[in-house]
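Novice: So the chains spell out like this:
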Amino acid sequence: MKNIIIDKRLKTPYYKQIKQSIISAIEQGHLKDGHRLPTERELSQFFEVSMIIPKKAYDDLAKEGYLIRIQGKGTFVHARPKHNLPLNVFQSLEALESFVAPLNRRILLVSKIKESTPEAFKVKALAFAKHYPFYLLSMTMMHLEFDKLSIDASRSLIQTMREATVDCNLTHTRTLIRSGTASSEEANLLEITPHDPVQRVEVRIYDDCEQLIAIADLTFPAAHVTFEVSIHE
Amino acid sequence: MSKLITLAIDRRRNESVMDQIRQAIKERMLDKTFIQNDYLPDTHELALANQLDEHEVIKAYQLLIKEGYIIKEAKGHKVARFNIEEKAINSLQSVTEMLKNEGFTPSTNVLEKAQVDLHHHPELKEFYDSTHPLLYIKTLYCGDERPLLYLETYVSLKDYPQIVESADLKAFIHQQRISAHRRIDVVKVTPDVAKALHLEMADAVMRVRNVYFGQFKQVLTVSFVHAAPNYSLLLDSQH
Chain A
1 MKNIIIDKRL KTPYYKQIKQ SIISAIEQGH LKDGHRLPTE RELSQFFEVS MIIPKKAYDD
61 LAKEGYLIRI QGKGTFVHAR PKHNLPLNVF QSLEALESFV APLNRRILLV SKIKESTPEA
121 FKVKALAFAK HYPFYLLSMT MMHLEFDKLS IDASRSLIQT MREATVDCNL THTRTLIRSG
181 TASSEEANLL EITPHDPVQR VEVRIYDDCE QLIAIADLTF PAAHVTFEVS IHE
Chain B
1001 MSKLITLAID RRRNESVMDQ IRQAIKERML DKTFIQNDYL PDTHELALAN QLDEHEVIKA
1061 YQLLIKEGYI IKEAKGHKVA RFNIEEKAIN SLQSVTEMLK NEGFTPSTNV LEKAQVDLHH
1121 HPELKEFYDS THPLLYIKTL YCGDERPLLY LETYVSLKDY PQIVESADLK AFIHQQRISA
1181 HRRIDVVKVT PDVAKALHLE MADAVMRVRN VYFGQFKQVL TVSFVHAAPN YSLLLDSQH
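Residue numbers (my numbering), protein chains in the order written: chain A, 1 to 233; chain B, 1001 to 1239.
Simulated from the structure, these hints should not be mistaken for lab results.
Errors might be hidden in some of the hints.
List of simulated lysine-lysine pairs, BS3-like, C-alpha gap at most 25 Å [to be verified]:
| hint | chain 1 | residue 1 | chain 2 | residue 2 |
| --- | --- | --- | --- | --- |
| 1 | B | Lys1113 | B | Lys1138 |
| 2 | B | Lys1125 | B | Lys1113 |
| 3 | A | Lys130 | A | Lys82 |
| 4 | A | Lys82 | B | Lys1138 |
| 5 | B | Lys1072 | B | Lys1032 |
| 6 | A | Lys63 | B | Lys1125 |
| 7 | A | Lys19 | A | Lys130 |
| 8 | A | Lys122 | B | Lys1032 |
| 9 | B | Lys1072 | A | Lys82 |
| 10 | B | Lys1075 | B | Lys1026 |
| 11 | B | Lys1026 | B | Lys1066 |
| 12 | A | Lys130 | A | Lys32 |
| 13 | A | Lys114 | B | Lys1032 |
| 14 | A | Lys63 | A | Lys82 |
| 15 | A | Lys16 | A | Lys2 |
| 16 | A | Lys8 | A | Lys19 |
| 17 | A | Lys82 | A | Lys11 |
| 18 | A | Lys124 | B | Lys1125 |
Extracted from the complex, chain A is given alone in its bound form:
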């Protein structure tokens, strides 16, 4: 209820005020996907307005795709964006770099893998797009100098790697895309349900001597991400 505002001193129609307050709450991330909104009756009693007003607001928003109304269950926020990713983001190092760079990221873990020669490090991060988890990244990097490794969320991990690798020239990648189901940890981080379908993308990054420098495992929530490619011959 706290996200919905009606100011009776304004000239804007009440139903428009309800609509605007819900849309802005969704856009700022206060109202999340699947959240149940108050019923029309609750709204009309709370604001002391006619039943028609919340009904018009909800119907309009449902038509515009912001809400889903289920008879007998309630009105729910439908806000999680669907991404259509062109397949070529994985097809060159530059595209991959620009893809993983600018997104909002939360670094979950940076650790040194014990008893490995050469030394290897693991970085785990969660990327967000518009308030929702977009993918989970788990990256294992070899041939790095740990002292030079400065992980911060605003920089691309591949850029960081380029700087921290020892005399390596990262040149190309090999990517495998597979199907899978989410483990409970992945589901928790990606805000989906365990056993929900996920896309698993494994990107192997090589240097110019065909030496494997890093493996990046990306996990996408399949209900919200699809890959696309256009072919011309």
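Could you slot chain B onto chain A? The hints should help.
Specialist: Showing chain B alone in chain A's frame:
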């Protein structure tokens, strides 16, 4: 040299121990613990290491042989060709061609051919208008006798009335198509798919939607491919 593995067998689950062994070994093939031409551990050793009855292991191996995942040789149980890494995602190559290139002996099996109504297929609305009668063809592609791809194709009968009589539909479509759009996602299996590809209902599989266009940008066919879990897409970046 075969690798000795520990299997997570849970006797409280309502799946039989034999099924759990079979499933666990398939998973080990998926995560590449066992790759093509590896030998699986000896049944006796595997049973001993995991405190199982050897008969259960033998039964599981026999089923895997029957399903085509492993081959019995004098030396032991060898892993058959298992993972499919499709490299043809950026080309208009046919499925049969792709399977051949991956080293499989392809075979096809038409499961169903029927005229359908668009009303039952809302996912096709963006390509055809609702008055179009459609021909629906369901095909199962096998490699080395093992089911690998489950393909459902829709063709408009209004634009291509000759297709019903056409003996070789594939050749007809193949010679006309000049571009395509592919969309790849991962979905839970439906009962039909599970049955055709020998999967459990809880599995998720890759689904590729292919839309083929002719020379005037008209839609030729729309198809949905469900791939077995051992299928993956391989993209190589240019140097």
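Novice: Give a verdict on every hint.
Specialist: We went through each hint and held it up to the structure:
1. For the hint pairing Lys1113/B with Lys1138/B, the CA-to-CA distance comes to about 6 Å; that is within 25 Å, so the pair holds.
2. A hinted pair counts as satisfied when its Cα atoms are at most 25 Å apart, and Lys1125/B with Lys1113/B qualifies at roughly 20 Å.
3. A C-alpha spacing of about 11 Å is found between Lys130/A and Lys82/A, which places the hinted pair at or below 25 Å, so the restraint holds.
4. Distance hint between Lys82/A and Lys1138/B is unfulfilled; the C-alpha atoms sit about 29 Å from each other, more than 25 Å.
5. Straight-line distance between C-alpha atoms of Lys1072/B and Lys1032/B comes to about 20 Å, which keeps the hinted pair within the 25 Å bound.
6. Proposed proximity of Lys63/A and Lys1125/B is supported: the alpha carbons are some 19 Å apart, at most 25 Å.
7. Simply put, Lys19/A and Lys130/A have alpha-carbon atoms about 20 Å apart, close enough for the 25 Å limit, and the pair holds.
8. Between Lys122/A and Lys1032/B the alpha-carbon distance is near 21 Å, which keeps this suggested pair within the 25 Å criterion.
9. Distance restraint check for Lys1072/B and Lys82/A: the Cα-Cα separation of roughly 47 Å exceeds the 25 Å cut-off, and the hinted pair is therefore not satisfied.
10. Straight-line distance between C-alpha atoms of Lys1075/B and Lys1026/B comes to about 20 Å, which keeps the hinted pair within the 25 Å bound.
11. Of the pairs offered as hints, the one joining Lys1026/B and Lys1066/B holds, with about 14 Å between alpha carbons and a cut-off of 25 Å not exceeded.
12. The straight-line distance between the Cα atoms of Lys130/A and Lys32/A is roughly 11 Å, inside the 25 Å bound, and the hint therefore holds.
13. Of the pairs offered as hints, the one joining Lys114/A and Lys1032/B holds, with about 23 Å between alpha carbons and a cut-off of 25 Å not exceeded.
14. In summary, the hint linking Lys63/A to Lys82/A is supported, as the alpha carbons are separated by about 17 Å, within the 25 Å threshold.
15. Simply put, Lys16/A and Lys2/A have alpha-carbon atoms about 17 Å apart, close enough for the 25 Å limit, and the pair holds.
16. Using a Cα cut-off of 25 Å, the hinted pair Lys8/A and Lys19/A holds, with the two alpha carbons roughly 15 Å apart.
17. Restraint check for Lys82/A and Lys11/A: not satisfied, since their Cα atoms lie roughly 36 Å apart, outside the 25 Å limit.
18. Restraint check for Lys124/A and Lys1125/B: the C-alpha separation of about 41 Å exceeds 25 Å, so the hint is violated.
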